[in-house]
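Colleague: Spelled out, the chains give:
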Amino acid sequence: DAGVIQSPRHEVTEMGQEVTLRCKPISGHDYLFWYRQTMMRGLELLIYFNNNVPIDDSGMPEDRFSAKMPNASFSTLKIQPSEPRDSAVYFCASSSSSASYNEQFFGPGTRLTVL
Amino acid sequence: GESVGLHLPTLSVQEGDNSIINCAYSNSASDYFIWYKQESGKGPQFIIDIRSNMDKRQGQRVTVLLNKTVKHLSLQIAATQPGDSAVYFCAENNDYKLSFGAGTTVTVRA
Numbered sequence: 001d002a003g004v005i006q007s008p009r010h011e012v013t014e015m016g017q018e019v020t021l022r023c024k025p026i027s028g029h030d031y032l033f034w035y036r037q038t039m040m041r042g043l044e045l046l047i048y049f050n051n052n053v054p055i056d057d058s059g060m061p062e063d064r065f066s067a068k069m070p071n072a073s074f075s076t077l078k079i080q081p082s083e084p085r086d087s088a089v090y091f092c093a094s095s096s097s098s099a100s101y102n103e104q105f106f107g108p109g110t111r112l113t114v115l
Numbered sequence: 116g117e118s119v120g121l122h123l124p125t126l127s128v129q130e131g132d133n134s135i136i137n138c139a140y141s142n143s144a145s146d147y148f149i150w151y152k153q154e155s156g157k158g159p160q161f162i163i164d165i166r167s168n169m170d171k172r173q174g175q176r177v178t179v180l181l182n183k184t185v186k187h188l189s190l191q192i193a194a195t196q197p198g199d200s201a202v203y204f205c206a207e208n209n210d211y212k213l214s215f216g217a218g219t220t221v222t223v224r225a
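Chain order of the listed sequences is C and F. Residues in the first sequence are numbered from 1 upward in steps of one, following the numbering used here. Residues in the second sequence are numbered from 116 upward in steps of one, following the numbering used here.
Worth flagging that the hints you see were computed from the coordinates, not collected in a lab. Don't take each hint at face value.
Pairs of lysine-lysine residues, derived as DSBU-like cross-links and limited to a Cα-Cα distance of at most 35 Å, are as follows [as the list claims (entries may be wrong)]:
hint : chain 1 : residue 1 : chain 2 : residue 2
1    : C       : Lys68     : F       : Lys157
2    : C       : Lys68     : C       : Lys78
3    : F       : Lys157    : F       : Lys171
4    : C       : Lys78     : F       : Lys171
5    : C       : Lys68     : F       : Lys171
Here are some chain C residues the structure puts well away from chain F; computed CB gaps all over 10 Å [said to hold, decoys possible]:
hint : residue
6    : Gly16
7    : Gln17
8    : Ile26
9    : His29
10   : Gly42
11   : Arg64
12   : Ser66
13   : Ser95
Each residue gets a CB set at the ideal place from its N, CA and C atoms; glycine is no exception.
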């Protein structure tokens, strides 16, 4: 298996622009997570889905952030409009309810820079 | 508030020695405590977990100890190798929501 796939790996954009991050979870996994990592705040859970349904979005910082999971093999995290403070590494992770409760498989991340 | 944190931000270890990474937590209600490893430029990777009703669990070259009396978690790595150089995070799992600590950077000296 190729693991969790994220694209793009790097994104540089200007303040005010829309940013869309993409994730393909591991086939067969029924949980998908979006995290953000910064030096100041560490690794934070933004939102997670179970069977394509958003379960908890309490970590989403504000209305500028939205996430969707239209099917079991694809999810997006969108920021509109983007701001410099959104600069971070965004990780997508997936896991299976039939396997370890604690083992989430992380993608390589998308490094976002908002100028 | 509830938090998971680490005692030391950095640890330098001689190759072949044992490493001990510590973590303090405050949420006694968590079902599981977990250790993740993050290598430079990569996402975190699961190492080992321990259920809250246990005090010790061993894996391959790693041992996790849980002291619920003082709310302390530790990860021991035996015979540390260069490939063990990474940032190590403790985390707790509450209904699939992982809360990560700040991380300890481990550097292995040759």
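Colleague: Indicate, hint by hint, whether the structure satisfies it.
Modeller: Results of checking the hints against the structure:
1. The straight-line distance between the Cα atoms of Lys68 (chain C) and Lys157 (chain F) is roughly 24 Å, inside the 35 Å bound, and the hint therefore holds.
2. Note on Lys68 (chain C) and Lys78 (chain C): the hinted pairing holds, with a Cα-Cα distance of about 8 Å set against a maximum of 35 Å.
3. Annotation: proposed proximity of Lys157 (chain F) to Lys171 (chain F) holds, straight-line Cα distance about 28 Å (limit 35 Å).
4. As the CA atoms of Lys78 (chain C) and Lys171 (chain F) are separated by approximately 42 Å, the hinted pair breaks the 35 Å bound.
5. Distance hint between Lys68 (chain C) and Lys171 (chain F) is unfulfilled; the C-alpha atoms sit about 39 Å from each other, more than 35 Å.
6. Remark: the non-interface label on Gly16 (chain C) is consistent with the geometry, its nearest Cβ contact in chain F lying 29 Å away (cut-off 10 Å).
7. No Cβ of chain F comes within 10 Å of the Cβ of Gln17 (chain C); the nearest lies about 25 Å off, and the non-interface call holds.
8. With a least CB separation of 12 Å from chain F, Ile26 (chain C) remains clear of the 10 Å interface cut-off, as annotated.
9. For His29 (chain C), the shortest C-beta to C-beta distance to chain F comes to about 12 Å, beyond the 10 Å cut-off, and the non-interface label holds.
10. Separation of Gly42 (chain C) from chain F is inadequate, the least Cβ-Cβ distance of about 6 Å not exceeding the 10 Å criterion.
11. Distance check for Arg64 (chain C) against chain F: the nearest CB is about 22 Å away, which clears 10 Å, and the non-interface claim stands.
12. For Ser66 (chain C), the shortest C-beta to C-beta distance to chain F comes to about 19 Å, beyond the 10 Å cut-off, and the non-interface label holds.
13. Annotated as non-interface, Ser95 (chain C) brings its C-beta within 10 Å of a C-beta of chain F; the closest such distance is 8 Å.
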